[in-house]
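Asks: Assemble the whole structure, with the sequences as input and the hints as a guide.
Protein chains: 2
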Amino acid sequence: MVTPMNVVMLLFPRLTQLDLTGPFEVFTRFKELKVHLVWKTMDPVTDASGLKILPSATFADCPQADILFVPGGPGQMGVMEDAETLDFLRRQAAGAQWITSVCTGSLVLAAAGLMTGYRATCHWSSIDQLALFGVTPVAERVVVDRDRVSGAGVTSGIDFALTLAALLFGEERARQAQLFMEYDPAPPYSGGSPASAPAEMVATVREGLKPFLAERRAISERAAAALRR
Amino acid sequence: MVTPMNVVMLLFPRLTQLDLTGPFEVFTRFKELKVHLVWKTMDPVTDASGLKILPSATFADCPQADILFVPGGPGQMGVMEDAETLDFLRRQAAGAQWITSVCTGSLVLAAAGLMTGYRATCHWSSIDQLALFGVTPVAERVVVDRDRVSGAGVTSGIDFALTLAALLFGEERARQAQLFMEYDPAPPYSGGSPASAPAEMVATVREGLKPFLAERRAISERAAAALRR
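Going line by line, the protein sequences match chains A and B. For the first sequence, counting from 1, position 197 maps to 196 in numbering that gives the first Met the number 0; every step adds exactly one. For the second sequence, counting from 1, position 83 maps to 82 in numbering that gives the first Met the number 0; every step adds exactly one.
All copies of an identical chain are treated as equivalent in the list; a pair is satisfied when it fits inside any one copy or across any two copies.
Restricting the straight-line Cα-Cα distance to at most 30 angstroms, the calculated cross-link-like pairs of lysine-lysine (BS3-like) are:
| # | residue 1 | residue 2 |
| --- | --- | --- |
| 1 | 30 | 209 |
| 2 | 51 | 209 |
| 3 | 51 | 39 |
| 4 | 51 | 33 |
| 5 | 209 | 33 |
| 6 | 51 | 30 |
Rather than coming from a laboratory, the hints here were simulated on the basis of the structure.
Replies: What follows is the structure, encoded as structure tokens:
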């Protein structure tokens with residue numbers, strides 16, 4: 000009987016649920032991994048679009064993570080300056096083997112001071128904000144830098160988790176999981192990243208996000224300043 | 000003010016959560032769609048891997064679906080012969096514009112008699128079982144046949160939902176959603192489908208699933224016989 004590795008996945012209000020549910024689907028296909036969904040209380044956590052997920056543990060009773068994971072989403076702004084969450088992440092990170100994120104989860108890890116000096120990725124709209132924390136932004140789908148593994152925006156969580164699974168259990172096992180999940184993606188269109196989308200479409204989407212990104216940046220700036228104090 | 004279209008997504012115990020959460024992520028990015036997560040009661044529904052999701056409506060108080068959606072997963076076997084669920088699906092389908100599924104959700108729709116004479120897809124391991132219900136199995140990632148739209152296994156839900164979104168709102172809007180979700184997949188390996196995986200790996204996975212698939216087939220056979228009565 001193998002002792003399972005604990006995967007501690009942070010929940011928070013207004014996360015983007017697919018940042019978490021993509022990797023959850025991959026991780027739970029490996030019997031060596033025990034996944035914990037963790038928030039301050041056991042009350043349901045509502046994602047940015049209304050999905051209500053129940054935590055399986057609280058900060059207080061969560062086991063030590065072997066793999067620490069932080070998703071992103073608009074609610075990331077609410078935890079960037081939350082001492083209780085940042086303390087929890089730092090405490091868990093101290094004993095974790097892997098410190099990981101998808102989407103703007105890398106900004107939360109950065110705000111906890113856990114990414115300084117590392118290379119990481121993030122949702123394309125906000126990847127530049129990593130630099131505020133002394134993190135080197137790398138516009139790739141999955142970035143592995145020593146024990147830090149980060150995925151880009153939302154759907155990249157599946158690629159992120161399969162990459163980590165291959166590091167943990169080898170290529171054969173990761174490929175089996177991929178086959179089980181029938182992960183042979185066929186997006187109806189190209190252009191799922193700013194590198195491949197038409198320039199006008201990227202500009203339109205960026206314009207729509209402008210006030211939101213300004214708010215996110217202001218919070219990142221404050222969080223980065225707090226980290227330097 | 001546009002009247003939103005109701006997307007009614009069936010929950011059931013031991014569903015595969017990514018079958019549902021992938022499309023949920025896509026659908027909720029369109030303001031014209033209002034998503035309802037529906038089960039018999041408002042109690043949390045636990046997916047096949049332990050994710051607990053709260054329903055937003057019950058069979059009794061759910062609004063009429065414009066888009067009816069059924070996910071798959073091992074728990075599909077539990078609803079294939081459940082009169083209450085099948086009746087709910089038939090009742091909703093009668094007034095729906097689109098009748099849709101991901102993974103083995105197409106078998107549930109078939110058991111309700113809603114797919115007879117249509118072309119559809121399903122998880123690769125179980126697609127052959129569609130024929131028991133007079134459905135033409137089509138081994139493609141997303142299959143559109145008139146008002147029936149089905150996706151293949153698990154991760155295909157994202158491709159399915161973007162395809163449907165493009166049918167509803169046009170290519171430009173679907174591509175914007177794809178860019179928001181950074182859906183530019185880069186699976187670490189090829190071989191996510193039986194057509195592209197090494198033959199030995201497909202055989203190994205099939206062998207491991209043998210007792211499970213035999214149970215699923217026995218249930219499909221009984222459900223198909225019930226439908227003919």
